[in-house]
Amino acid sequence: MRRRWIWAMVWGLVLLPWSYPAQGTTLKPLGMHQISIIGATSLIPLTKRFLPEWERRHPGVVVSVTAGGSWAGILAVAEGQADIGMADLAPLPKRALRLDSYPAGRLAVAFIANSDDGVKNLSRSQLVQVLQGRIHNWQTLGGHDKPVIVVSRPMSSGARAMLDRLVPAPGLSADAIIQLSNGAVLKTVRETPGAIGYVEWRPGMGGVTMLGIDHQVFDTSRLAAWPYYTQPTFYVAPGASSLVKQLAEMLSRSPYKAEFGIYRAQGIPR
Amino acid sequence: MKPVTGRPRGDHLLYRVVWLGALLLLMLGFAIAAILVWGTVKFVIDHGLNPSLLGTIYQPTHDQFGLLPFIAGSLVVTMIAIVVALPLALSVAVTVIATLPRQMQMIRQILSGLVAIPSVVFGWWGLSLLVPSIRWISGRPGFSLLAGGLVLAIMILPTLSLLSINALDRVSVRWVEGSLALGATPDQTLGRLILSVSRIPLLEASILAVGRALGETMAVQMVIGGRVLLPHGLLSPGATLTTQLLTDISLLPPGIPGHYVLDFMALLLLVAMYGMVVLVERTRRWSL
Amino acid sequence: MDSKAPDLAVRHLSVRYGEQVALSDVSLDLEGGQVLALIGPSGCGKSTFLRVLNRLVDRSLEVRYEGEVVLGGIRILDPDTDLVALRRAVGMVFQQPSAFPFSVFDNVAYGPRLQGIRSSHRLRSIVESSLKKAALWDEVRGKLRRPAASLSGGQQQRLCIARALAVAPRVLLLDEPTAALDPLSTTKIEELILSLRGDYTLILVTHNLQQAARISDVTAFFRQGLLVEIAPTREMFTAPKCAETEEFLTGRYE
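Those protein sequences? They're chains A, B and C, same order as listed. Note that the numbering used here has the first sequence beginning at 155, numbered continuously upward. Note that the numbering used here has the second sequence beginning at 968, numbered continuously upward. Note that the numbering used here has the third sequence beginning at 90, numbered continuously upward.
Treat the hints with care, as some may be off.
[To be verified] Where chain A lies over chain B, by a calculated footprint (3+ residues, C-beta under 8 Å):
| # | stretch |
| --- | --- |
| 1 | 1056–1062 |
| 2 | 1078–1092 |
| 3 | 1098–1109 |
[Unchecked claim] Derived CB-CB ranges, DEER-like:
| # | chain 1 | residue 1 | chain 2 | residue 2 | range |
| --- | --- | --- | --- | --- | --- |
| 4 | B | Leu-992 | C | Ala-269 | 28 to 36 Å |
| 5 | A | Pro-409 | B | Leu-1021 | 51 to 59 Å |
| 6 | C | Gln-109 | B | Leu-992 | 47 to 55 Å |
| 7 | B | Ala-1000 | A | Arg-158 | 15 to 23 Å |
| 8 | B | Leu-981 | A | Val-216 | 31 to 39 Å |
| 9 | B | Val-984 | A | Arg-158 | 16 to 24 Å |
| 10 | B | Leu-1021 | C | Gly-205 | 51 to 59 Å |
| 11 | B | Asp-1154 | A | Gly-337 | 45 to 53 Å |
| 12 | C | Ala-328 | B | Arg-1141 | 35 to 43 Å |
| 13 | B | Ala-1000 | A | Gln-188 | 30 to 38 Å |
| 14 | B | Leu-992 | A | Ser-279 | 56 to 64 Å |
What the hints contain is simulated information worked out from the structure, not anything from laboratory work. Using N, Cα and C, we set each Cβ at its ideal position, and we do this for glycine too.
Start from the sequences and build out the full structure, keeping to the hints where you can.
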């Protein structure tokens, strides 16, 4: 008798996760409005920079920010588990098409090489071959006698998604070293002779060779002309409250974008 | 669960609260295991008994789920950790027991403090010191199974040292003096008596340390390189079950096809851990 | 040391643990092959005296000693004394049975193995003869592979004596060997001590005055680190010279 009761509780708990309603699961304490933001790591610094003053202007609203990657951000909003999703994916997953989007601008993806590689410029096809793992030594490209080491981000990253479009099958070298964050890629490339990688550029990045592609130099004063970029965007469900939509819009227009390397795409042909 | 008769009812309150807490923990454990089993079942439903599971090609978005590289990575990294850490921990323990018995309390406190260091700190240490050193010595990238294993070795060293000290400290002074009184040298007493008597607790300690090493994620991820191919040497970058879970959890959130392979990986880890626990129990039984 | 049980000569022995005096200016003589019983209240220094004789006292913190102790030609307190050789010649049995958590056989063979004896034939014969001397053989034959912990307390204490005898000492130090035992086991140990008398010089610390009276040839009474009186046991128990000794023996002490 007693034992059956225990098992009922055990099974109850086991089945709990599936019994959640798919929509609107956020528990709201009385008198408090909660907004949850989740998604791409590249947008978190910007969001966190902006939020404090917005929260000061909206007492009674509590905003939580969670890193989880672009995919998780879009999915969470589509499933109603979060209010605002941050993503820099392209092409967009189907579920994102139904969502309202607030693009923040562009984030340049710079190709960086260790300063000892001895290469400052690559043609686009050379770049692709290097990233595919087909070129094993920098000597082949007129650089120093150093084995090529590709440093990449996991597939959940927006920069990686851009790269996967750039590099045709069989895709990025499976031999690549994977680092979880932008900063880790930069540090690894800076310290590892022979390394090449890509980062979402923001002011202050140094100690590496910024590779020119097809003789187009990566010029931070003319970022708008650089053809490799992601488009960080805030997503909101169409039925979201006006407060949520307002926050998403403010975030996408935040004056701090330049601090994090996000620039406007105005005047540049798509 | 019969209440003891002849006692006031209130007497059982604390007992029941404690019992509920234990039950909650038990249920949580069951729930997690059940979720992972359910995920594994879903994986089989979605992908069949995917033959690629036993292969070496891992492209979860393209129905290729070769887990061998990660299983190999986990095994190798854990092995390095224990092979490096155990002799060091034993040295610490023997030194403390034999030559610094009066400082033992202080050393225990220091070691307990070290146990509390978050694993990212060890990862950071590995990234700034270990990876460049390995790169400098070997001329390879430095991110490697070796680096992962060594970071883990340093990380489990405090725990393993504490457990080893406790194991050796349990050796009765009477036995030690009995051995010395028979004309044993200190070395003989250490080798033939102290280590011999403590071998079961030491084995137990090692198994616990292996469990901790097997489950560690962040510190390893920072130095192992995250390469998804079968590693071809200790200096080769690689990945473990845990680091790949960390890398892919945001690529494959629930609802994305291929997500359930993560449940399968987690279940593998859970089963391995459970195996460790069973092993500890077994060794305890041998020692009785 | 020759094969005869060695004589003991102690001159002006003082032992200090830091500032605390454990023994002060103790002098005594004991003829080889006799049983010396050390009696006195707790903390009087009798255990320290015992531990000086195999230099186990060196393990205590901040210990300092002076004086001279000669055991069958070995100057025990000499800094150059070979402790391994000394401890082989001077066996010790502790208050709590200290059998190692090994099998009965391995317990007794522990000492001989330390000396490098590997031959299983020799080890067997040493183990057997030691167990026989310790009057344990009949109880454990055929059970030599059993863990020592499976023996009773009295059997374990005799196992410890057998273990000490296995390295062929000439002197046996016994630190309250029956304090933790029941009367029947106590009787067996006492009989054993009596049987070893003559071949070994035995020095016994005991709280049990009847035991001292029953089995010792000479009794020494310690109090607060001082040797109050030493005399042949019968004399001491019938006509003690010092008033203090008499008070202690008649229980009007402490």
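Quick check: does the Cβ-Cβ distance between C/Ala-328 and B/Arg-1141 fall within 35 to 43 Å?
For C/Ala-328 and B/Arg-1141 the Cβ distance comes to about 39 Å; the hint holds.
Do three or more residues from the stretch 1056–1062 of chain B put their C-beta atoms closer than 8 Å to C-beta atoms of chain A?
Coverage by chain A is violated for the stretch 1056–1062 of chain B (0 residues, Cβ < 8 Å).
Is it true that the C-beta distance of B/Val-984 to A/Arg-158 lies inside 16 to 24 Å, as the hint says?
22 Å, holds
Is 51 to 59 Å a correct range for the gap between the Cβ atoms of B/Leu-1021 and C/Gly-205?
54 Å, holds
Given that the stretch 1098–1109 of chain B was listed as covered by chain A, double-check it with a C-beta distance under 8 Å for 3 or more residues.
Holds, because 5 residues of the stretch 1098–1109 of chain B bring their Cβ atoms closer than 8 Å to Cβ atoms of chain A.
Within the stretch 1078–1092 of chain B, is the number of residues with a Cβ closer than 8 Å to a Cβ of chain A three or more?
Per the Cβ count (0), the hint is violated.
Taking 30 to 38 Å as the hint, is the beta-carbon distance of B/Ala-1000 and A/Gln-188 inside that range?
Holds, since B/Ala-1000 and A/Gln-188 (Cβ atoms, about 32 Å apart) stay within the stated range.
Verdict for A/Pro-409, B/Leu-1021 (Cβ pair) under range 51 to 59 Å:
54 Å, holds
Note whether the CB distance of B/Asp-1154 and A/Gly-337 lies within 45 to 53 Å or breaks it.
51 Å, holds
That 56 to 64 Å hint for B/Leu-992 and A/Ser-279 (C-beta), does it hold up?
Once the Cβ atoms are compared, 58 Å apart, the range 56 to 64 Å for A/Ser-279 and B/Leu-992 holds.
Range first: 31 to 39 Å. Now tell me if the beta carbons of B/Leu-981 and A/Val-216 are that far apart.
36 Å, holds
Range first: 15 to 23 Å. Now tell me if the beta carbons of B/Ala-1000 and A/Arg-158 are that far apart.
20 Å, holds
Hints 1, 2 and 4 from the list above are not met by this structure, while the remaining hints are.
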